[in-house]
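Student: So the sequences go chain by chain: A and E.
Once you know that position 186 of the first sequence is 186 in my numbering, the rest is easy, because the numbers rise by one and skip nothing.
Once you know that position 251 of the second sequence is 1251 in my numbering, the rest is easy, because the numbers rise by one and skip nothing.
Source of the hints: derived by calculation from the structure; they are not laboratory data.
Ideal Cβ positions, reconstructed from N, Cα and C, are used throughout, including at glycine.
Heads up, none of these hints are tricks.
Okay, the calculated beta carbon distance ranges per label pair:
(1) A:133 with E:1023: 31 to 39 Å
(2) E:1014 with A:133: 33 to 41 Å
(3) E:1309 with A:137: 45 to 53 Å
(4) E:1089 with A:21: 18 to 26 Å
(5) E:1309 with A:115: 36 to 44 Å
(6) A:172 with E:1012: 49 to 57 Å
(7) E:1089 with A:3: 44 to 52 Å
(8) A:115 with E:1302: 51 to 59 Å
(9) E:1131 with A:196: 37 to 45 Å
(10) E:1105 with A:133: 16 to 24 Å
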Amino acid sequence: MDWQALSLSLKLAAATALLLLPFSIWLARRLAWAQFRGQGALEAAIMLPLVLPPTVLGYYLLLGFGGASPLGLAYQALTGRSLVFSFDGLLLASLIFNLPFAVQPMQRAFASIPRELREAAWVSGLSRWQTFLRIELPLAWPGIAAALVLTFTHTLGEFGVVLMVGGNMPGETKTVAIAIYDQVQAFNDSAAAGMSAMLLAFSFVAVMFVYRLGRPGVRR
Amino acid sequence: MKLEARLEQVAPIPLAADISCDGGELLALVGPSGSGKSTILRCLAGLHRPTSGYVRCGGETWFDATGAVDMPPQRRRVGFVFQHYALFPHMSALDNVMVALGHLPVAEREAKAREWLARVNLEGLFARRPGELSGGQQQRVALARALAREPQALLLDEPFSAVDQVTRRKLLRQLIQLRRSLDIPIILVTHDLEEASLLADRMTVLHHGRTLQSAAPAALLAQPASALVARLTDQPNLFVGKVLRHLPEFDATEIDWQGQPLQAPHMPVFAVGAAVCWVVPAEGVILLREDQQGRENTVQARVAESLAWRGHASITALVGGRRGAALSFATGASVAARRGVIPGASVSLQLQKTAIRLLPPDPTVIEQLRLLSELPS
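Assemble the whole structure, with the sequences as input and the hints as a guide.
Tutor: Given below as structure tokens:
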């Protein structure tokens, strides 16, 4: 078992989920309730990581983060390091390829809250913030929790984008999925089997949890 | 405390509405669906912003398009009962009411919420969530929540439309009792005229966002300002006639209806020879006995339909066999049975002169009646 790779994966997954949480809630609420120009294009763009081959997505991220790109240059100027093949670059890529997993369930959850309910909160005297905290969040939380679990699990398992953007640097960008690939390449079957079984079990439990959340009759 | 508003907009629903409701008064907004009733309530509550106009309540300006005042709903202090109640599904009945008690110190809220729920007869159901309450109980929680805010105006958006008849009667009775203790303006949106007549001190008829007429329910039904109001308030006896002559000495205007002269109260504004719409409430149509023949405005008609329900019979009779000349009236079911008022029977009816009201001709009404009269009866 490659503990270093596992802990890096957990760190990446946790950071992705936590950083995406506020942004996705904001975006999901907007998409669920507001109507604006270019909404369809934005929704399509958010869904792209689901359908694009990870290598294609990784390729474009590599271009976007590279030393010749404005983002890569800015990062280099600020930190003196390169954005590609670093944990920061990997985290940024992870935030992007997880967008559909984070936004979709939340958007559905917020869309299912009738507008009347928020209006009832306003006419009852609750401010927009109080309405968000006391009415919207409790009602949308199964969707939000599902989004967090999906994002976390999906980050643990992502391979293609990680390989393209992060490479394979122990302690920096070598996640558990890459480590499994390495072990298989090295004919170290028992190590690959252990880590694979662990990811399988974890993912299964996570997906089951998400389904439980989505089932009606669960007391909220 | 008085609520006054002028609301105007072109889209999404056209509005040109004047609303006025005194403290302690219950105003019913009636009109067909899509007439802008709910939008008006939403404008008053601050949930929708009209293009121009104003909303004032108790000397305070809530909205003024010219002065650029637009108070958010949180500051307007209205109690709002939504059509489907909009209770917070994740909270108990008690918590739902407590949400609206933000103006009280935290320590006092729970006791006050219990008090409000008790006032709407929901003791013992404090801990239930909306999903565990019946429709009528949910409506009462919604009413308690609306009143708990100690609002300056109470707005009710079709509050009885989502419950069954029996529950509706109970809730109506409760609201009638409850409103005696309220001295704020109450505005009720409904498409049910019976409900409006039962509850309201005044009724405002709306059509395409325009307020057509405001009056006490009885006055509005007896004296509609136009054929359109008569049609929107479901007046069954709305017809077209022609002015024959004015008889000021008898305080009468004589019109021709289906070749039959009828006397109406004197209305010199309508020129002789001009077409007029006229209306007579069902109460103004009297079933005559044999010995009562020869009274003024007597017509012969053939009974087309007689529906008896709880001791009352609603009868439709055709004059001259024409569908466009169908008179509706009501009588006791036993009277109808005794006099043999059954489909096919011939009856003499008196149209009471004082109950008849002449109205400016309305092209839509004329067209509808023309189409009806062309149909075979």
